[in-house]
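Novice: Assemble chain Y onto chain P, guided by the hints.
Residue numbers (our numbering), protein chains in the order written: chain P, 547 to 1001; chain Y, 547 to 1001.
Source of the hints: derived by calculation from the structure; they are not laboratory data.
Don't take every hint at face value.
Since the list gives no way to pick one copy over another, a pair counts as held whenever it fits inside one copy or between any two copies.
[Unchecked claim] Straight-line Cα separation of at most 27 Å, DSS-like style, residue types lysine-lysine; simulated pairs:
no., residue 1, residue 2
1, 818, 902
2, 624, 570
3, 922, 934
4, 830, 893
5, 557, 902
6, 893, 819
7, 654, 819
8, 624, 710
9, 819, 902
10, 830, 819
11, 818, 893
Treat the numbers as computed from the prediction; the structure is a model and nothing was measured.
There are 2 protein chains.
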Amino acid sequence: MKAWKDYQEHKKDRFLNELIELLKIPSVSARREHREDMVRCAEAVKESLLAAGADKATIYPTAGHPIVYGEKISDPSKPTVLVYGHYDVQPPDPLDLWHSGPFDPVVKDGKIFARGACDDKGQFYMHVKAMETMIRTDSLPTNIKFLIEGEEEVGSPNLAEFVKANKALLDADVILISDTAMISLDEPSIDIGVRGLAYIEVEVTGPNRDLHSGVYGGAVANPITMLARMIASLHDENNRITIPGFYDDVVESGAEERKLMAEAPFNENEYKKELGIDAVWGEKGYTTNERTGIRPTLELNGIWGGYTGEGAKTVLPSKAFAKISCRLVPDQDSEKITRMLIDHLYKIAPAGVTVKAELHHGGEPYMTPIDSIGFKAAAKAIEATFGKQPIPVRGGGSIPICALFEKELGLKIIFMGFGLDSDNLHSPNEKFDLQNYYKGIETIPYFHQYFAEMQ
Amino acid sequence: MKAWKDYQEHKKDRFLNELIELLKIPSVSARREHREDMVRCAEAVKESLLAAGADKATIYPTAGHPIVYGEKISDPSKPTVLVYGHYDVQPPDPLDLWHSGPFDPVVKDGKIFARGACDDKGQFYMHVKAMETMIRTDSLPTNIKFLIEGEEEVGSPNLAEFVKANKALLDADVILISDTAMISLDEPSIDIGVRGLAYIEVEVTGPNRDLHSGVYGGAVANPITMLARMIASLHDENNRITIPGFYDDVVESGAEERKLMAEAPFNENEYKKELGIDAVWGEKGYTTNERTGIRPTLELNGIWGGYTGEGAKTVLPSKAFAKISCRLVPDQDSEKITRMLIDHLYKIAPAGVTVKAELHHGGEPYMTPIDSIGFKAAAKAIEATFGKQPIPVRGGGSIPICALFEKELGLKIIFMGFGLDSDNLHSPNEKFDLQNYYKGIETIPYFHQYFAEMQ
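Chain P on its own, in the form it takes in the complex (with noise of 0.2 Å):
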């Protein structure tokens, strides 16, 4: 172990480097210009892992971005961690919030700013290093397997079909993700659960073309309006989602869940001071907590219609559009919920409108068992390197696939995330702080150790 810290110890500025000459490329997934960066992007990944020590890396291409995995195998009866992680990133925009650019990462007051610091190209990375260290200090005490895909942030539509191909290729006796949030490096925690997904685009149309507001205001029904109106619906004044059926499915936290998650630090007032609110906000008889950990919400991501330019268009539009998007918790199917949503759209669109809703994409809630070996060597890890015991939470992101993993690959999945949730995922000037980023480094080795040692 004094070996893995010292080896780190002086390969600190490298491993830095590394990640900013990846962090440089704009591995966008939702749009068509960033094609080639996701090709480039994947080729970088291939070579990390190869510099790193690992046996392989092979790039598979997809009906969309390519997948790489990258193995090293250094004894079959070994016990063997499959590590998931995504090279790909949110789009950056806004881009006039961002204080440098997305993809010219900076380092300032020991954080490097880029979009994909730590979401999750930073986190995903510390893998890597943490690789590199094991096997340059002789010390794997693991097979180590790694699956990097480029569709994360826009619901991975081609992992599905790559994984039921590649059972055999991704046997392994735990997937370990490093894409969730810890509360703070004075208290780490741990997450055991992950919400899924159901996002739609709605568009509501009135007339067949853009009116004179003058014209034939007040007598034609306006898109905006009728779709302002079905949004302000879909919750009711205790702010609970109005869709008929929404909760039924929805495993209800108990007592003694809900009592231990009170007493995870949080502090209300920095809450709102940190984000420059003057009220929080939410489902009636839960804390904000609980809000974005056990209980599902409905969002809306984005909102357009009619003149949107400089000055005033006396425009009566045509159409008007919305993204909106839940979060789920157990038992909570997507594609269940993505039904229910949509039709409850259709059935409240109001008269001289019609409304169409696809689904963009989703992803099922997945909860991690706190008795599994996988859990206990990672909160072990933890503690080795923190000098505390982690606090199990819920977060409240989405990692879609997995339902999946589970269910075609038999594996339970540990989430060890060393992001903070101050680090501005899907927002502008994304961080995330160097001291994270080594102490993530300097943790994953416990893991593969204390892993091994328990089996």
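Specialist: Quick look at chain Y alone, frame taken from chain P:
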């Protein structure tokens, strides 16, 4: 009179080609990038007045876009008609819905398609060609003044100052405006009123940055959802506007006027079919013609916020925006309603977000007295060329400067419009029927004749 008709019959092609040249200039007043096009268009208007026989024509710079003034004083003892029009046009977007370029005029099926074809280049140019006709045939019975501005579509912010500073220059006996529509060539009508306008933009801010909708969703007020709730609350279940005091100053139309309006030709099925809608909409207790004529309205002209690009982005945005405008009727006051609307939006701002709203532009409603010489001359002129008496109607649009004209110049305004409601004003594929264009050029000299005779 025969001389006019003969003259015009032989000049039809030139009258069309000159209009086409004017329509090629993208004089979009709302967009800064068209500043030079605006100057070019003002020059073209000035040249057209001189070519038509004006004694003089001058471009007056303003803090915004220039004003063109021209005159033909045939005899100071004759009555003077002041023609008001505008050479600026609405922004052409959405561009992808145009069948041909908005500034590449195309003649098809007897109609000319281009932005500004009807509103208002085609309509004010009829007056230029009518003046040419009367001058060239030595039969001008009046003096004519032209006031053609470049900021009507953005609320005429600099016209008031010009009018106040140039009262002697603009001294006249009546103001004649062709910037409205008639029911059809078979059912000629004259607008006896235009609605006022109060156009604002509202910005709703939630958290101080875009957030990950998984990490924060359900716990932080979403500005899109909050804006939608605010918009939805602006009309009640009878589609009446809910802003306290909004209807206080509305002069309710009497049973007699409503009875007359009900007699105007209107086919609801045709109306719905032409717009592609399955139901009309509006304030309970009023007909479609009443809703667009005698009632005030509140319409959403634009909305935007969050991620509006391709694909999916799971963001809880920091901001959402909307453009909202009210059409006003006598005796509503634009400034008062603007204040009322903005104050109301501040008042209904939900906890967790802040609201900022500001005026884009406004204008007062205006009614033409039907017992005035101007109105009688217009009605008689239309009867002379259309063979039937025009129906007096109340139009839905706004010409913000009318109330100011009356106050500063002490003149009544006559709306002698030759457009059609189906001309796609402010919409893609704006057009002007050539029949209407020529009919307008034919009718205007009669107005001058009757107006002079009736003094």
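Novice: What are the numbers of the hints the structure violates, in ascending order?
Specialist: 2, 5
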